[in-house]
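Engineer: Line by line, the protein sequences give chains E and X. Under our numbering, the first sequence has 197 at position 197, and the numbering climbs by one with no breaks. Under our numbering, the second sequence has 1136 at position 136, and the numbering climbs by one with no breaks.
Simulated from the structure, these hints should not be mistaken for laboratory data. The model shown is predicted, which means the values in this text are computed figures rather than measured ones. Each hint should be verified, as a subset may be incorrect.
[As the list claims (entries may be wrong)] Here are the computed lysine-lysine pairs in the BS3-like style, where the Cα-Cα straight-line distance is at most 27 Å:
id, chain 1, residue 1, chain 2, residue 2
1, E, 224, X, 1195
2, E, 19, X, 1187
3, X, 1161, E, 19
4, X, 1099, E, 53
5, X, 1196, E, 19
6, E, 226, E, 170
7, X, 1161, X, 1187
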Amino acid sequence: MDHTEIEERQIPELYLMGKLPPEEAAGFEEHYLHCQECLDRLELAESMERGFKRAAGQDAARVAATRQIAVLAWLSRLGRSRQMAALAMAVLVVAILPGLLGLREVRERERELAAARSDLEQERQRSAVGSRTEAEAQRLQAELEASRSDLDRERQARASADEQLEEARKPRGNVPILFLDTERGGGEPTHRLSLRDTPGLIVLALVIDPPHRPSYRAVLRDAKGKEVWRGDGLQLNEMEALSLSLPSTLLAPGDYTVEVDGRRFTFRVLK
Amino acid sequence: MSTYAASRPEEDEAEIATDLVRRIASGNASAEGELVERYSRGVLYLLRRLAPELADDLHQETFRISLERLRRRELDEPEGLAGFLRGIARNLVIGERRKSARRRTEADDEELAQAVHPAPGQLSAVLLDEEAETVRQLIRELPTERDRQLLLRFYVTEEDKESLCTDLGLDSLHFNRVLFRARQRFKELLLERRKKAVMRHGPH
Chain E
1 MDHTEIEERQ
11 IPELYLMGKL
21 PPEEAAGFEE
31 HYLHCQECLD
41 RLELAESMER
51 GFKRAAGQDA
61 ARVAATRQIA
71 VLAWLSRLGR
81 SRQMAALAMA
91 VLVVAILPGL
101 LGLREVRERE
111 RELAAARSDL
121 EQERQRSAVG
131 SRTEAEAQRL
141 QAELEASRSD
151 LDRERQARAS
161 ADEQLEEARK
171 PRGNVPILFL
181 DTERGGGEPT
191 HRLSLRDTPG
201 LIVLALVIDP
211 PHRPSYRAVL
221 RDAKGKEVWR
231 GDGLQLNEME
241 ALSLSLPSTL
251 LAPGDYTVEV
261 DGRRFTFRVL
271 K
Chain X
1001 MSTYAASRPE
1011 EDEAEIATDL
1021 VRRIASGNAS
1031 AEGELVERYS
1041 RGVLYLLRRL
1051 APELADDLHQ
1061 ETFRISLERL
1071 RRRELDEPEG
1081 LAGFLRGIAR
1091 NLVIGERRKS
1101 ARRRTEADDE
1111 ELAQAVHPAP
1121 GQLSAVLLDE
1131 EAETVRQLIR
1141 ELPTERDRQL
1151 LLRFYVTEED
1161 KESLCTDLGL
1171 DSLHFNRVLF
1181 RARQRFKELL
1191 LERRKKAVMR
1201 HGPH
């Protein structure tokens, strides 16, 4: 057994205080079973520890008793009326103290309640903000849906236009050509054009009588006089005619007039 | 397993224990007496720590059982004789505790009502007061307030050595020195008081 370690670490004291780990305590027990020196040391340390604790306990009890005696001595020095007053004060304190403690408790609970209410209010406000945010999100969602719908329509229109363009680029046969002469009198249009089921181009050939000009302006109107199409800088071809090609989708069944610098050309579109 | 096995006294203990075990197994009666003499005080101290009210009875029982076992057969590790004795003592305490626990569950209310905490006898109370007075005198004699604080906090409030050293600005060496001197002085003062008491009243 290494007594240097026992002394250095105060192992007997730790053992007596129950502060040694179980394995070390077992080792120390096996050691002191045959070590008279450690047994002496243990008994002395035990006696000393007991003495310290008993002295501390006695001193504490003595201090408490001294205080009580001092209070009694003070009371005994007072006159009868003052003794009664002190007694009344003591009774008052005893009676009031629980009330004060209760009041303190109530105030504490009130503070807790106020804090809880405040938390609740904040939670409500957060919920309200959440609702507004939700409404805003719904509105944005609706706008997004509308934008998507517009985009779809735009795409469809674009696709349709592309299709028409593609169709227009293709060489086409059987393109209807309507030769129109200047209208010389009133009455119904004598030139007629039947629309086909599939959209396509329609060519109007306007025969212009002399004297000729370098260029012409043409305006196409429907039966109500509403302008359907207008073209400037038109020039005569070798047949002394202005040729206008129009998409058939521009025209609906009805009467139309083409005005070319004071000249009028009429035709009727049939379904 | 002992953590102090490497030191010299343990080596002596191993030799002595091995010799005792062999001699007892070979029927040597004086070896049995030597075993009891060597370990008696330690076993009794251990038993008083574990079960003060049973210590005296179990002290004898520990040696009876140990000697019977050692007579029948040598220990596999004879150098661990102290551990063997400690094990028997502890097992006896555990066995007694179990028995008394069973008895307690079978006891009636009247029996329980009669069970009172044993108060220290008059002589014990005198001895305890004597120890307390010795401590007071020891404290008064200490040269510095710091040493007084050290002893009070170590023994009364059971603070750790490390925290006390840090708190009071002491090194480990000083701490050990104060405790060592205090123990020596306490022992001297206690012996002086007891001598005076014997001279006044005669031996207890």
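Engineer: Look at each hint and say if it fits the structure.
Structural biologist: Verification of the supplied hints:
1. 224(E) / 1195(X): Outside the cut-off at roughly 146 Å; violated.
2. 19(E) / 1187(X): At roughly 24 Å apart (the allowed maximum being 27 Å), residue 1187(X) and residue 19(E) satisfy the hint.
3. 1161(X) / 19(E): Given that 27 Å is the threshold and the Cα spacing comes to 11 Å, the pair holds.
4. 1099(X) / 53(E): violated (33 Å)
5. 1196(X) / 19(E): Judged against 27 Å, a Cα distance of about 36 Å means the pair is violated.
6. 226(E) / 170(E): violated (31 Å)
7. 1161(X) / 1187(X): holds (22 Å)
When the structure is compared with the earlier hints, violations turn up for hints 1, 4, 5 and 6 and for no others.
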